[in-house]
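J.: Make the full structure from the sequences, and use the hints.
Number of protein chains: 2
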Amino acid sequence: MNAIAKISPDNFATYQEILASTPIFDGCKNEVISEFVSNSSIQSFSKGEIVYNYSDKANWFYLVLSGYVKLYRETMDGQEAVIDIFGANKIFAESAMFENFIYQENCEAVEKTDLLRLPLGLLSRKIEDVQILAANLLNHNIATKKQKNKEIEHRDVQTASQRIGCFLLDLCSQNKTNSTSIELPYDKILIAAKLGMQPETFSRALAKLKSVTSIQVNGSLVEIPDISELSEFCCSACSSSFPCKS
Amino acid sequence: MNAIAKISPDNFATYQEILASTPIFDGCKNEVISEFVSNSSIQSFSKGEIVYNYSDKANWFYLVLSGYVKLYRETMDGQEAVIDIFGANKIFAESAMFENFIYQENCEAVEKTDLLRLPLGLLSRKIEDVQILAANLLNHNIATKKQKNKEIEHRDVQTASQRIGCFLLDLCSQNKTNSTSIELPYDKILIAAKLGMQPETFSRALAKLKSVTSIQVNGSLVEIPDISELSEFCCSACSSSFPCKS
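Protein sequences appear in the order of chains A and B. Each residue of the first sequence is one higher than the one before, counting from 1 in this note's numbering. Each residue of the second sequence is one higher than the one before, counting from 1001 in this note's numbering.
Bear in mind the hints are in silico, worked out from the structure with no lab data behind them. Any given hint could turn out to be false.
Using 27 Å as the maximum straight-line C-alpha spacing, the simulated BS3-like pairs for lysine-lysine come out as follows [said to hold, decoys possible]:
{"id": "1", "chain 1": "A", "residue 1": "Lys57", "chain 2": "A", "residue 2": "Lys90"}
{"id": "2", "chain 1": "A", "residue 1": "Lys150", "chain 2": "B", "residue 2": "Lys1057"}
{"id": "3", "chain 1": "A", "residue 1": "Lys146", "chain 2": "B", "residue 2": "Lys1126"}
{"id": "4", "chain 1": "A", "residue 1": "Lys57", "chain 2": "B", "residue 2": "Lys1150"}
{"id": "5", "chain 1": "A", "residue 1": "Lys126", "chain 2": "B", "residue 2": "Lys1126"}
T.: Printed below as a string of structure tokens:
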């Protein structure tokens, strides 16, 4: 069972800062942010615990403090389609306020995860009179739409190996040097699901990627001796080039 | 070369009505809509003509009056990824105002097409003080994001035949009876591209769909004697069921 904790006065300022640094609350006045923090709590989930289910009444939206959550839908014949995976500092489930306050997908913690739980009704009321909040939400959704277009493009024109390479490049895009080693953020089965592949397809495609580039994979550690080589291999089948703006 | 025509005073009210009936201008005051119509013109394109190119300066957004446009991006190795296809009454390219007024894709008329060309700068200024316009844009983008999630889900869990069936079901979803005949809105190569398939994959998957359901295809005419049968075949691998809300 997940645990819910109030925010102590000692930590209030920390959560104000975390919230203020998200794109959705960017530029909002302190009193607006404080109102959200005052009405929030911290919810801790263990691996595999459900945060909410599809068609549940949506009273809350969330910010990831640590860990990862998986948003997914189930098809009638029982397959699982992963919509998104969110890690630290990402806000999610806020769109439910435009869906009659009904969650549109299932949400599950994929490892030990702490979430900041914020009242969705407050957000809905605030966007009516805090203009910057409405503008931020619009920007956020436009950026998401762009990202989704990119994901569709990749499924259509990239090979499975190129899509895995692209996922790896996203993880090292902040890096300035041409060689790097990165830690996979979550397990390979989940990465496969995020990329819309069966685990077997993912294994074969990863083996292919290792054979045509110099990357090496050891458990969750990936050595990329030559980022340019990897980006050349992946980005040839993409309309953007490395490093991606998105 | 495409032709540009001013809107005559006789037709002014018609275009006001068309604009007022779009989700983005829903509920906007007459004077706001009139200001847009006053600054619009009608642009006619023949099949294959370019409306704008990726990275062009974006001065305009568009409403389709008749015909179809294809929005697409090109990968570095020359493949084409179709992002969207828009027909009558759809507004597009408005998101460019959040991209420093630079178009983010190519746009081409896929048949003889008339567009209403509207000033993007005016839209950008208006959403700052016409709150309903900002709210409509937000709703529009949330709906688009939802649609994109569905497209990603379909690419991940549906077979090619099921995706073609789903495309057909979308065309007959307004119908109340269980049997119908529909006209394909544009040619099969473009439908294949919209669904992210190679033309050969599309042909094989359509043949499979005809063999496992009772649909019949004659050129661009599709006979669907039993919509329930088709929806059962397609929707089993989807988290929604027919008729889709989106």
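J.: Take the hints in turn and mark each one as holding or not.
T.: We went through each hint and held it up to the structure:
Taking the CA atoms of Lys57/A and Lys90/A, the gap is about 21 Å. The hint holds against a cut of 27 Å. Between the alpha carbons of Lys150/A and Lys1057/B the distance comes to roughly 21 Å, so the proposed pair stays at or under 27 Å and holds. Taking the CA atoms of Lys146/A and Lys1126/B, the gap is near 23 Å; set against the 27 Å cutoff, the hint holds. A threshold of 27 Å between alpha carbons decides the hint, and for Lys57/A with Lys1150/B the separation of about 21 Å falls inside it, so the pair holds.
In summary, the hint linking Lys126/A to Lys1126/B is supported, as the alpha carbons are separated by about 21 Å, within the 27 Å threshold.
In this structure, none of the earlier numbered hints is contradicted; all agree with it.
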